[in-house]
Amino acid sequence: MNKNKIINVKNLVKTFEHGQVKALNSVNLEVSEEEFIAIMGPSGCGKSTLLHILGGLERPTSGEVMVDSVDLCQMKNLDTFRAKKVGFVFQLHNLIPVLTAQENVQMPMFELKLSSKERNERAEKLLRLVGLEDRIDFVPTKLSGGQRQKVAIARALANDPKILLVDEPTGNLDSASGHEIIQLFQRLNKDGRTIVLVTHDKEIAEHASIIYYMKDGQILEK
Amino acid sequence: MRFLWLIFKNILRRKTRSAFTVLGISIGIATIIALGAIMNGMTISMEGMLKSGKADFSIAQSGISDFAFSRVNENRTNEIQQLEGVKDAAGVLLGFYPIANNPYVITWGVETQDFPLLGVNIISGISFSQEHELLIGEVASKEWNKTVGNTLTIRDQEFTITGVFQTGSMYQDKGVALSLNKLQQIQNQEGYVTVIYVELEEGANAEEICQQIEQNYPDLVTIKNISELSKVDKGLETLDAATLAISLLAIIIGGIGVTNTIMMSVYERTREIGVLRAVGWTKKRILTMVLGESILLCLFSILVGLLLGVIGTQLLTLQPIIRGLLTPMYALDTFLRAFIVAFSVGLVGGLYPAYRATKLSPSEALRYE
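If you read the protein sequences in the order shown, they are chains A and B. No gaps in the numbering here: position 45 of the first sequence is 45 in this note's numbering, and each next residue is one more. No gaps in the numbering here: position 304 of the second sequence is 304 in this note's numbering, and each next residue is one more.
Everything labelled a hint here was simulated from the structure, so no lab data went into it. This structure is a prediction, so every number in the text was calculated from the model and none was measured. The reader is advised that the hints may include incorrect statements.
Listed next, the stretches of chain B that the computed footprint assigns to chain A, with coverage defined by at least 3 CB atoms under 8 Å from CB atoms of chain A [said to hold, decoys possible]:
(1) 6-13
(2) 267-281
For lysine-lysine, the following DSS-like pairs were computed, each having C-alpha atoms within a straight-line distance of at most 27 Å [as the list claims (entries may be wrong)]:
(3) B:Lys9 with A:Lys142
(4) B:Lys9 with A:Lys162
(5) B:Lys284 with A:Lys76
(6) B:Lys87 with A:Lys84
(7) B:Lys359 with A:Lys113
(8) B:Lys359 with A:Lys117
(9) A:Lys76 with A:Lys5
(10) A:Lys113 with B:Lys283
(11) A:Lys125 with B:Lys9
(12) B:Lys283 with A:Lys162
(13) A:Lys84 with B:Lys283
(14) A:Lys113 with B:Lys284
(15) A:Lys76 with B:Lys9
Positions of the beta carbon are idealized from the N, C-alpha and C atoms, including for glycine.
Kindly produce the complete structure, drawing on both the sequences and the hints.
Listed below in structure tokens is the structure:
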């Protein structure tokens, strides 16, 4: 069955330092709903910049970027887009050290009109989903690297986004934990989430259904 | 989890740093509380001098900056008493002497027939009738452990206590009263009094009578209430200005301390702020969080400052010179002023770091190491 394009990027250019540094050079990319794609490439090739633009963290210099029917070049307020349309998972979990797993997962929910009780319940449910139901009240320092990354994934799912944008999720993990995390993404993909994974690790990228290669700010091949 | 809980937890991340910041602001708050209490105590003391017993207003020398130095011709008392609408007038001489190891005791030179107008009730013993006799105030009697039959020394002259009086004014009841003639003689001020207390006939117009007195006697000034004290005494005004200056200083010093603490906290959490922006937090929410931390720190400072202020004031009153002069009074407006100062410090101190936090680009913040 032909699925709708949830991400559509045309001739995307992103420059820094007043045009002196070209991070993305005429990038074209199409991602269908419920697809799991990986973008591979060496450090500095522009893959993280592309991910940041897809997630509304950066604005393109030129080109077209449509994500879940939102034109990111035209949209003035990207906060709402980030809160509702996408979920980010970073290489470093970036959890708030003084908050418990459950409290960390609630962070994105503050922008939704939910009661404190609803936030608690939703966070608990998400932690169950990632297999951390027995670690709800643990602070990050009491969790292993893999568990912290799972909390970060639960946080990314907090507002039930259709798209997960994942930046080197296993970069700081041992292979067993890394494998577990990738399996979790596969499961989430099967449940209907679109996943865009950025990595320089070929073994990790191979778990995606499509792999794109990037070099010098351009997508070279599929 | 509630948003306020997050703000609270953020403050607790660096407990020592937060504690020192709170302590810094608290000292400013404590100073405001202590000065306010002393100021209120002084106001009440001054009121005690200005309004005595049944007196509707008092009269002092015009053009002076300290009420205690007022010098009014004693004959004016009789002249004022003759005015239409005036029921009674009493001339009183005030002096301040070290008595019974207390360095600053208010000493009243009065005529015994003026006791009803001055509200002096003798609660034990009898009034003075001889030159070297005096009455002791109820509070002074208890504090100094002196009563009828004991003696007190004023300027090397020994006086026997014949009675204990009570006026209801803490300030007056901390002093002693002796005959007007004797005090004039001790102070070399024969024929002069410090103040004339005036009681009006029922229905008399105080405003008109005061105007008439000031017109007829340009060397005199009338004081109907404490708000007119500045006509004869600049002490309270000066203290009030000093309190205001110290409050402003507390805002500036506290504000810089809070700015520094919150700024450091924002720098340390740059990456975290990037993540919060990435998960959809608006700039307004980031601003609210950082400002909230700053304001909450200052609200904690109020609690600590209150405690330090009250303890500090009580320690001050252990000093005989302070105890003899005033009783600190804690009024609502003092606490309100402390609250406003603390809140302003929080707001002003947190504004710049909060602004900086909102200006962080989410993408750059995520790359921050």
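Non-conforming hints, listed in increasing numerical order
4, 6, 8, 15
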